[in-house]
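I would like the entire structure built from these sequences, with the hints used as guidance.
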Amino acid sequence: MDELLSEFFSETIESLEVVDVELVKFEQDPTNIAGLDKVFRLLHTVKGSAGFLGLDRLGKLAHATENLIDCFRDGAEVTDSLVSLTLEAIDKFKWILEKLGDSGEEPEGDDQEIIDQLNAISDGLREKLDAGKPGTVSLNPEDDEEIQKLIKELQGQETSSSQTQVNLVDEVPAENTVKTEASAEPIKQEEEKAETSAKKAPETKADKAEAASTESKGLKSTSIRVNMDTIEHLMTMVSELVLTRNQLIEIVRQQDDNHFKAPLQRLSNITSELQEGIMQTRMQPIGHAWQQIPRLIRSLNQQLNKNIQIEMIGAETELDRQVLELIRDPLTHMIRNSADHGVEDSETRIAAGKTPDGKITLSAHHEGGHIILSIADDGRGIPVEKVADKVVRSGLATEAELAQMSDSQVLRYIFEPGFTTTSEVSSVSGRGVGMDVVRSNIELIGGSIDVSSKLGVGTSFIIKIPLTLAIISALIVQVGDNRFAIPQTNVDELVRAQANSEHRIETIDQTRVLRLRNRLLPLIDLSGILRMKSDQELNDKNENEGFIIVANVGNRLFGIIVDAVYHTEEIVVKPLSGPLREIDFFSGNTLLGDGSVILIVDINGVAKHVGSSASIETDDLAKISDGTDLDVSTSSMLVFTAGSNEPKAVPLAIVTRLEDIEVDRIESSSSGDVVQYRGRLMPLVYVNESVKMLDKKAYHVLVFSDGDRSMGLIVDEIMDIVDDSFEVEIGSDEPGVLGSAIIDSKATDIIDVTHYVGIAFSNENVKSEWGHEAQARSILFVDDSVFFREMLPPVLRAAGYAVTVCDSAKDALTLMENGGKFDVIVSDLEMPSMDGLEFARVIKSNPNYNKIPMIALSSFTAPAALAKCKEVGYISHVAKFDRHGLISSLFESISGTGVAA
Amino acid sequence: MSSNVDYSIINQYAVDGICEYVTVRVMDQLFGIPIRQVREVFTPDSITDVPLSASEIAGVLNLRGMIVTAIDMRVRLKLPPLPVGANCMAVGIDDGQESYCLLVDSVDEVMRLPVDSWEQAPITLDDSWAEISAGVHRLDRSLLVVVQVKNVLNFSKNAA
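Protein sequences appear in the order of chains A and B. The first sequence begins at 960 in my numbering and counts up one residue at a time. The second sequence begins at 9 in my numbering and counts up one residue at a time.
Simulated from the structure, these hints should not be mistaken for lab results. A hint or two may mislead.
To be verified - One side only, chain B facing chain A, incomplete, derived with CB under 8 Å:
(1) D57
(2) L60
(3) S61
(4) A62
(5) V123
We treat Cβ as the ideally placed atom computed from N, Cα and C, and that holds for glycine.
Right under this line is the structure:
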């Protein structure tokens, strides 16, 4: 039996055992969907493996059984007889397997009878499920009788085969062991397998298996088989030795001129080498997990009639064998997915202008304590719309929720349970088990997976996994009297916060933030969340001092305040005892060189505590810098205080920079205060007079720029950047305030920046500087969002246009019918009842208005949307926050139509 | 009355009608820990506090390279804490899987007591005591409370 087959054999036997148990459990408790899912997945795996090993009989049987289970998953009622039938099928399966183990081939004959039955029943159930939809479907009594009859027939047939089975049980395991043993190359992994097969042998057959291995001792071998437990034990002992050595060094260090020094040095070296050696025994090149892949690709090529080449880069990259074993299956699964769904067949590829041969690239490399694995194909890519559609249909998210997500966020839904985009079910993949299993397996070992895809170009999956689970590099920090270890992999950088430095801690209410490269980083005081200090003590603490550990979890950044940072140390992770495991903030404990026990902080646990709103999403920051991809309903708002404690906010997208300007740099001029800023004079405006009254050394200034003109708005404190959906709720008569909104569950004034722009430049100045050339042209502005109706028209007015505002397309049309004349129409695209596209069609079909240039405003800037805009007659399309773009579009539209108008 | 005593609880600790205990003191009360469950007795030093853990947990400590979770018997029995600076002793417990130790005021001698000096704990005993006691031995001058170790470790659900 070859290596793959023997591995399949032992794996499948194990899987079937689980299937038996889970099926029975499920019968007793039909609400146990998780158990059923497990059965389904196992069968799915068996089907897949059988498929590529060319085990036709097993593959077909598994497929039919899987179909039936799928009906249960979709809510068909489970009866005893159905479970019995399934179990019969599993038994048949085992019988074929035993035969397979015996001869290395599937037995002659087929299982058409039982497959037909399975199919008939699942088709029946499926029909009823589709017809009856809600609730459960049960078989009618005749059906059930029929099944009973069938089972009896089958049992009759089984009696003959069970006889064979008995004999087989004697033979198979021993046979298996001998074969693998004999073919054992000096590769640890193969021995591993032999070991597994040997373990699979029933207890009673142990003697026989042992006899078999004695026989094979005659073979020359340069390696020996070592039980994993032995290595684990050695590993533990070496860890202890390292700790003891560290302790000794600590003692000797305290005594001068000690004659222990030389021998201790030697002991130390030997210990280090020993540790390395033992670690080495656990490390294996990742190529071992890749061995089966070329064969897998070959058979997939045949099965799918495709031409896929596989490229493997970095096969020599080593990682812990425990981790290696755990990623083997997910990897196979993903390759199969890429080949089936990703890469197109030759004809399609040629038609798309690609090479006829598809390519899957598998690569691995080390990166800071992690191994980065990537599986990339050059196939058709994942269509985001299809994913979104499927997400909505399967109820994983609503359209509204999806609308707020970036493409990469939507793509991540492929890792959700029960998700698949292929409409047809093939024997290779496409049932919606798979990616969720892949993800959960990877997360189990502390890794993460992400996907990126470009339509027509390809898809790549990036997996990040820790090199080893046993020893991690950690930063030792002190909080109060306690020391803690923080895993290095989560630490992005260390910042020393000091009152007078660039990095300082600032406070909003009780919340502290750090100014880091002109961004606000939310901070967590470790002593606070661990409740090591009373609130009073926390408040008394000097708030501007301390070390900040900038932690990165997923794509989220936040800072952790600690009192002191020592050094990094390789630590051996030891599990916490039972009652301590419930504490979210710790992932384990360890011993330090000085013999003390310290706790390992679980950054993921801490991140959960931070919550999603408080931390900065790195994605979002990227978005803001584009300034184009912001959605209407969720925007990033910069929250600050000025004059009073009530928070105020402006959209972050319109803020150019945050600056601190010392009071003595501020100069007074006839038109107000100015500061020299980047070689020019920048007017400064105080949000209100009380800001000016404060006795301060420096002011926080929000800088707004437009073209090469800047102005500074002076505020008290920058509080936070909040990603929130908000609606301006109450209008305001107060100059400089657009209205109020609830941001981060606090009532917040939304500042009208244009008001201050007006103050800064005095109005006539604004017109020439902010617009291109002041033209008394009239604009019809249509937008359903209060926020933009308040925000943009003042900007347009400041640029010298007369602006009429409408809150819906219908109103706008009424206004025009009543004789309103406009030079340009600026309209939002996404509006209720009549959207911007429809609005444009109406305008363009009316000979009275069809010459009026129209500009579309939208938060979406996808190329498809742009094309649509052009099609219905918009001359241009501007992102909502792109004021500069809007003004230049307006200018062009007016000068372009100057003759016509 | 004594003829009705149900010895089944104590018999699990007894060999030939004799029970062997490591006796310890917590606030002047004598307790007996069945000797088979005691791994060792040691003086704890540098206990690492575990923030957010149940109050019964004094912390974790290093016992010759093993990380041991220490349970403060005074807290467990709802007694006032030891005065600052007072020494305490630790009794390492063999729980089969995880390592625990009980912090007590002091450790006395090992005692061998006949089963017939045992009786069930008085029904009026405070809950936190009743829960961890497997009855009482009558000694000449005092009473010895038998500690039911697995119940001592079983506090997390009560703490919540």
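Here's how the hints hold up against the structure:
For D57 of chain B, the shortest C-beta to C-beta distance to chain A is roughly 6 Å, which falls under 8 Å, so the interface hint holds. For L60 of chain B, the suggested interface contact is upheld, since its CB lies about 5 Å from the closest CB of chain A, less than 8 Å. This hint holds: S61 of chain B has a C-beta 6 Å from the nearest C-beta of chain A, less than the 8 Å allowed. Interface hint at A62 of chain B: satisfied, since its Cβ lies 6 Å from the closest Cβ of chain A, which is below the 8 Å cut-off.
With 8 Å as the threshold, the beta carbon of V123 of chain B stays out of range of chain A, its nearest partner Cβ sitting at about 32 Å, so the hint is violated.
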